[in-house]
Amino acid sequence: MRTSLNEIAAIEDHLLQRHTPGAALLFEAKMLLDADLQNKVSSQQQVYSLVQQYSRKQLKHEIEAVHQQLFTQPEHLSFRQKIARIFLNR
Amino acid sequence: MDAVNLEEQAARQQLFTALYQKVFPAVAKYVAKCGGSFEEAKDVFQDALVSYYEKSRSADMTVNSSVGAYIYGISRYLWIRRYKEGNQTTRLDDSYAAHIAVETTLPVAEDKLLNFLETAGKRCMELLRAFYYDQLPMTRVAQLFGFSGVRSATVQKYKCIEKVRETVKQKALTYEDFLE
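Protein chains in written order, with our numbering: chain P, 1161 to 1250; chain R, 62 to 241.
This is chain P alone, in the form it adopts within the complex (with noise of 0.2 Å):
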């Protein structure tokens, strides 16, 4: 691999903390003296966290398919009886 990308791979070991300690203790030294690490591992940690917040938005864009489709299709009549009904009976 490129060296920026194994670059890439051990920052994600350090925020993910799958460095042995030795490494892990190797790495935060290093980050210690060079501000263009630290740098890149707070954007990376926003990466994972926009990662996050994008598959959840996807994640709930299918639930609420599988909601239409149960609140529109015909063979599904007869879930969404049982649904109006609880919401009618109040």
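Just so you know, the hints here were simulated from the structure itself, not pulled from any lab data.
Wrong hints could be hidden among the right ones.
Listed below are the simulated SDA-like cross-link pairs for lysine to any residue, each with C-alpha atoms no more than 20 Å apart in a straight line [claimed, not checked]:
#1 P:K1200 <-> P:A1183
#2 P:K1220 <-> R:Y193
#3 R:K103 <-> P:R1240
#4 P:K1200 <-> P:A1184
#5 P:K1200 <-> R:R226
#6 R:K83 <-> P:R1240
Non-contacting residues of chain R with respect to chain P, defined by C-beta distances greater than 10 Å in every case (computed) [claimed, not checked]:
#7 K145
#8 M199
#9 T200
#10 F208
Even for Gly, the Cβ is constructed at its ideal location relative to N, Cα and C.
Let chain P serve as the given structure and place chain R on it in line with the hints.
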């Protein structure tokens, strides 16, 4: 590209449909009994599904109760917290709070960035999603995305992180409140 994750998506669709049929009626009954609406029941139930999905994918999966009881419990917890008036009188079981990270509202700039990535970086985002969020094994990721093997999928994963990181950097200049 949209065909890529189709198999996994179909499996999820099946899972969510089954859970809807099995658990949603009980959640609806609870919410209705407390005077809540259909929309409220839908809202909390869907977030409970997200919470369950995330929990089931993580390595430290320990849903002690049955799946149905878990989703019902989370839905109930969310409904009381969001909709019940004077909820300070109700004792909430805080053991649920730890599981729930589903209601974060994004800052505007971050939301813009997300929208940008959804279009411009879709393939990378889907790959990263499969690996980090869905936690699929790398062999499966390679297969889904048409890579020759685990190694080339791994290299691509790191390239994608690099690409998204670059995008974040560039866009941060445009949406200056992003890195506040």
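Going straight from one Cα to the other, do P:K1200 and P:A1183 come out at no more than 20 Å? holds (18 Å)
With a cut-off of 20 Å on the C-alpha distance, tell me whether R:K83 and P:R1240 pass. Given pair R:K83, P:R1240 holds - Cα atoms ~13 Å apart, limit 20 Å.
Compute the least Cβ-Cβ separation between R:T200 and chain P, then decide whether it is above 10 Å. Per Cβ check, R:T200 is outside 10 Å of chain P; nearest 18 Å; holds.
Checking the smallest CB distance to chain P, is R:F208 really beyond 10 Å? Nearest chain P Cβ is 15 Å from R:F208, so the label holds.
R:K103 and P:R1240 were given as a pair; does the straight-line alpha-carbon distance stay at or below 20 Å? holds (13 Å)
Does R:Y193 sit within 20 Å of P:K1220, going by the straight-line distance between their CA atoms? Distance of about 17 Å is within 20 Å: holds.
Minimum C-beta separation from R:M199 to chain P exceeding 10 Å: can you confirm that? holds (13 Å)
Against the 20 Å threshold, does the CA-CA distance of P:K1200 and P:A1184 hold or violate the hint? OK: P:K1200 and P:A1184 at ~16 Å, within 20 Å.
R:K145 non-interfacial with respect to chain P [C-beta, more than 10 Å]: holds (16 Å)
Need the status of pair P:K1200, R:R226: alpha-carbon distance at most 20 Å? holds (8 Å)
Violation of the numbered hints given earlier is absent; every hint is satisfied by the structure.
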